[in-house]
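Undergrad: Residue numbers for the sequence shown follow full-length UniProt numbering, so the first one is 1 and each next one is one higher.
I should point out that these hints are in silico values taken from the structure, not numbers from a laboratory. Using N, Cα and C, we set each Cβ at its ideal position, and we do this for glycine too. Check before you lean on any hint, since a few could be wrong.
As the list claims (entries may be wrong) - Each pair of labels, with its calculated beta carbon distance range:
{"no.": "1", "residue 1": "Glu34", "residue 2": "Asn66", "range": "14 to 22 Å"}
{"no.": "2", "residue 1": "Ala69", "residue 2": "Trp36", "range": "16 to 24 Å"}
{"no.": "3", "residue 1": "Ala69", "residue 2": "Leu15", "range": "31 to 39 Å"}
{"no.": "4", "residue 1": "Ser14", "residue 2": "Lys74", "range": "17 to 25 Å"}
{"no.": "5", "residue 1": "Glu34", "residue 2": "Leu75", "range": "18 to 26 Å"}
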Amino acid sequence: MVKINCDAGLSIGSLKIKAGAIIHDDSSPVVVSETWTWSGCYPPDVAEAMSIFSGIQLAIQLGMANSIAHLLAKLPLTIHD
Numbered sequence: 001m002v003k004i005n006c007d008a009g010l011s012i013g014s015l016k017i018k019a020g021a022i023i024h025d026d027s028s029p030v031v032v033s034e035t036w037t038w039s040g041c042y043p044p045d046v047a048e049a050m051s052i053f054s055g056i057q058l059a060i061q062l063g064m065a066n067s068i069a070h071l072l073a074k075l076p077l078t079i080h081d
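Take the sequences, apply the hints, and build the full model.
TA: Structure representation (structure tokens):
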């Protein structure tokens with residue numbers, strides 16, 4: 001099984017979002033890690049979504065698409081008005 005840990009932080013003073021992801025599986029504590037920086041100021045939930053999206057893209061680039069599809073299928077779907 002593949003697990004992706006993502007997080008994002010906002011820097012209001014420099015108007016930047018910094019995010020990162022760590023991907024690991026059952027056989028190792030870290031398969032790969034990556035960080036990203038985006039210019040702009042977004043709400044925290046948007047910044048977190050950007051980090052999650054980027055983490056998933058990274059896993060797909062590494063050939064983990066099948067594992068990611070199984071992981072996403074297990075997540076609950078919640079729609080907010």
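Undergrad: Could you tell me which of the hints above the structure violates, numbers in ascending order?
TA: 4
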